[in-house]
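Residue numbering for the sequence shown is 26 to 99, as defined by our numbering.
Hints listed in this document are in silico derivations from the structure and should not be mistaken for laboratory results. Note that the Cβ used here is the ideal one computed from N, Cα and C, for glycine as well. Hints should not be assumed to be uniformly reliable.
Claimed, not checked - Label-pair distances were calculated between CB atoms; the ranges are:
no.: 1; residue 1: E46; residue 2: R84; range: 53 to 59 Å
no.: 2; residue 1: A52; residue 2: F82; range: 43 to 49 Å
no.: 3; residue 1: A63; residue 2: L37; range: 32 to 38 Å
no.: 4; residue 1: R85; residue 2: M57; range: 38 to 44 Å
no.: 5; residue 1: S40; residue 2: A67; range: 38 to 44 Å
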Amino acid sequence: MKKANMKSRTELTASELYALERAARLARSREMGRLIRAGANALVRGLDALVRALVQFARRAGSAPDNRKGISHA
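Input sequences plus hints: build the corresponding full structure.
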């Protein structure tokens, strides 16, 4: 069932079709930009978490004694 305010495809003029295509291209471009920014932000957050985990691991590994008490080396 067709809505009263919608034209059929054959009733659209060339300028109306162009305007619809342009709006669709703009919407796709904006969505791609949003997805790229979201992906880049997620990548940065992931790398930040990895660096923090590595730093924390290095601190723990560096603070461990090399020679435990009670173990003597000749």
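If you check each hint against the structure, which ones fail? The structure breaks none of the hints.
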